[in-house]
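*Asks:* Chains H and U supply the protein sequences, listed in that same order.
All the letters of the first sequence, read from the start, carry residue numbers 1 to 377 under full-length UniProt numbering.
All the letters of the second sequence, read from the start, carry residue numbers 1 to 377 under full-length UniProt numbering.
If you are wondering where the hints come from, they were derived from the structure by calculation, not from laboratory data.
Do not take every clue at face value.
The list treats identical chains as one, so a pair stands whether inside a single copy or across any two.
As the list claims (entries may be wrong) - Subject to a maximum C-alpha distance of 30 Å in a straight line, what follows is the list of computed DSBU-like cross-link-like pairs (lysine-lysine):
| # | residue 1 | residue 2 |
| --- | --- | --- |
| 1 | K161 | K84 |
| 2 | K212 | K84 |
| 3 | K161 | K43 |
| 4 | K309 | K161 |
| 5 | K43 | K309 |
Just so we're clear, the structure is a prediction, and the values are computed from it rather than from any experiment.
There are 2 protein chains.
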Amino acid sequence: MNSAADNSPERLVHVPLGERAYDILIGPDLIAHAGGEITARLKGRKAAIVTDEHVAPLYLEALMDSLQTDGIEAVSLTLPAGEKTKSVEPLVAVCDMALSARIERNDCIIALGGGVIGDLAGFAAGIVRRGVRFVQIPTTLLSQVDSSVGGKTGINTRHGKNLLGVFHQPDLVLSDTGALDTLSEREFRAGYAEVAKYGLIDKPDFFAWLEKNWRAVFAGGAARAEAIAISCQAKADVVVEDERETGRRALLNLGHTFGHALEAATQYDSRRLVHGEGVAIGMVLAHRFSARMNLASPDDAARVEAHLKAVGLPTLISDIPGEALPTEVLMNAIAQDKKVKGGQLTFILTHGIGQSFIADDVPASEVQSFLEETQKG
Amino acid sequence: MNSAADNSPERLVHVPLGERAYDILIGPDLIAHAGGEITARLKGRKAAIVTDEHVAPLYLEALMDSLQTDGIEAVSLTLPAGEKTKSVEPLVAVCDMALSARIERNDCIIALGGGVIGDLAGFAAGIVRRGVRFVQIPTTLLSQVDSSVGGKTGINTRHGKNLLGVFHQPDLVLSDTGALDTLSEREFRAGYAEVAKYGLIDKPDFFAWLEKNWRAVFAGGAARAEAIAISCQAKADVVVEDERETGRRALLNLGHTFGHALEAATQYDSRRLVHGEGVAIGMVLAHRFSARMNLASPDDAARVEAHLKAVGLPTLISDIPGEALPTEVLMNAIAQDKKVKGGQLTFILTHGIGQSFIADDVPASEVQSFLEETQKG
Ligand SMILES: NC(=O)c1ccc[n+]([C@@H]2O[C@H](COP(=O)([O-])OP(=O)(O)OC[C@H]3O[C@@H](n4cnc5c(N)ncnc54)[C@H](O)[C@@H]3O)[C@@H](O)[C@H]2O)c1
Ligand SMILES: NC(=O)c1ccc[n+]([C@@H]2O[C@H](COP(=O)([O-])OP(=O)(O)OC[C@H]3O[C@@H](n4cnc5c(N)ncnc54)[C@H](O)[C@@H]3O)[C@@H](O)[C@H]2O)c1
Ligand SMILES: [Zn+2]
Ligand SMILES: [Zn+2]
């Protein structure tokens, strides 16, 4: 946190995954220098870019120009924006584009966009020729601090979110902090929920720093780059310890069991709820539920709620616009979630701010009565 | 080879891939005992079986019975037989079946069938929930000695064969040698081409043994199990050395560059050519081409041709029924093959029987004139 005063425009987080190690660069203007960063690291000289209709008009030309300058032959595919793009047909379209462009193992697929584009393009990169190179250029705060790091890729099916996918690490992540200037306030806030999450998992000092400095993070500049770098480092640390999510990595799901249930219950309708908003409400619920189970002080839950509210995030189920979400619907969605083992629920609970832990024996009945009480008011 | 006299009904080949290590059991009656073998090794008690319309009436009931006896809850999906089943729609159907049946990470997808079913089901097992357990029950000789070992999975696209897929190792392979009794002579012979391949790569003694004992291998019993076990061991050795095919594993492609080109040129029409037949012709061509390049003696090429002919395999391009295959069409197919790097061709060539090597600088022009001469007669 001291280094928030550091004025160097660019930060580097190295993810030491052996053969699959890679760098995350964080700083302004990285899109305009993508070509050089890629040619410095990858052997191939072909690229297939995947982006969406919101991002393409803003950044695609700059990226293509930079690639061309550095001798990379690139094709691109612009898909509709939104969660629905994480499905089979767009996946097949991306693979087809890459194969038509004769992308080989050392060439790359580039994701230019938010988590939706990153998850989709990463999945394609993992299966085209059983794996080609993958470059992430995340353009939302959420994707810069979360989805672009760690190698999880995937698409949704009628059975739920992210049910098909592979683990496929990127070879390079370029987090252009300037690109976040065109992001809506709402999307920025949603990504901020994941930033706060890292503090709540195991970095109480970072959470306290955010309580004081969140306005500077929203404004941009050094505090923003700092928050992104700390978040990436936090995620990278967990990923390196547990690449395939068999243990500790589950901590990253703090707020996500409730969050995913809320997303499912609102049919992934982004007008009602986006992922980070679900996580914000989910983190408040996880802290409140922990307090109810006498695991943590209710004061901590109140502090989490106060901070997320201050930045403008929803913190209550009733903050979600539209029709009410019955507890039954939420419980059903929770039961469908993949973190269910042999009937009992796995939840990330907490002993207080920065003291989260994995609980794999949470009785569904406790969750149900908690939700019922919460919903009553 | 000495152990061909060994009368134990069952053989075990262990594939020591660290965390991904697994056993291959080879012997009669394994389908009827699948339940016990699976419960002895995997934690999950759910299975989703993928099979095809030829295999289902022969073995599906026996498999389901055995699973039920051992307390495994199973669902199944029977797909059309043939290479066309290795495509996107069946892949999505398999994933959907597995998700409907709530297959979780420790549960398994079971492939009951030949290489088509194995490649498809393995791909699904690699992407459902980013990877669930996978059990191979190969029922063709080709799949028992080749496709079920090594973790390569995949489907075809309009751009070519196996262009989408993942590396996903099985957790168990059950090679029921008795199941081969219902296989057509032609399919058995096609699989035999891959058995002979292991001799030609680096086991001259095994090739000599096959020249003497092939009739016994075709007849069944100990010689068959022996040939399958040696083949699995040979493949496993290469896979362990080079799991992701960055080096030595390419030797397994002996005969396959030509073979794939022949398959592509005949539009994967199994009435004209099946994979192993393409490999048989391809191996003869590889030996002849090596002789032409003064790398090996023409006597070795003649010996390979004589043996494959003796077992009833095609050895000449002109052995393929139907219209002639112009050299231009074959060269085009070779250029499309994924083993092309920067314009030059990668081929597996040989210094003689059991002395194959990787040549990554074969001039396309040499291949072209060789094919032209060959085609003339
Ligand atoms: N793989 C992982 O580990 C992981 C982790 C967390 C979340 N996710 C996934 O990430 C997805 C959510 O990601 P997201 O929030 O980035 O959503 P998103 O990709 O849909 O982006 C949100 C919106 O912002 C727009 N946008 C993106 N960049 C912009 C920019 N610079 N300026 C203006 N508009 C811009 C997009 O077009 C879209 O409309 C979900 O599918 C979630 O499952 C994956
Ligand atoms: N993954 C790998 O490493 C690898 C290696 C080699 C080949 N392959 C793939 O394997 C496929 C070819 O495999 P295959 O030759 O087994 O083809 P296949 O699966 O199409 O089987 C051949 C035919 O035999 C039938 N059959 C299967 N078992 C039978 C039995 N016991 N009795 C009667 N009929 C039976 C099938 O229904 C089919 O009609 C190709 O797609 C090839 O690309 C993969
Ligand atoms: Zn998240
Ligand atoms: Zn083969």
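*Asks:* Up to 30 Å between alpha-carbons, please classify K161 paired with K84: within, between, both or neither.
*Replies:* This pair counts as both: shortest intra-copy Cα distance 10 Å, inter-copy 29 Å.
*Asks:* Given identical chains, is K43 near K309, meaning Cα to Cα at most 30 Å, within a copy, between copies, both, or neither?
*Replies:* Neither, since 47 Å and 44 Å both go past 30 Å.
*Asks:* Could you place K212 and K84 in one of the four classes (within, between, both, neither) given a Cα distance threshold of 30 Å?
*Replies:* This pair counts as neither: shortest intra-copy Cα distance 37 Å, inter-copy 61 Å.
*Asks:* Measure nothing new, just compare the shortest in-copy and cross-copy C-alpha distances for K309 and K161 to 30 Å and report within, between, both or neither.
*Replies:* Answer is within; shortest intra-copy Cα gap is 27 Å, inter-copy 54 Å.
*Asks:* Regarding K161 and K43, is the shortest C-alpha distance of 30 Å or less found within a copy, between copies, in both, or in neither?
*Replies:* between (34 Å within a copy, 25 Å between copies)
Hint violations for this structure: numbers 2 and 5, all remaining hints satisfied.
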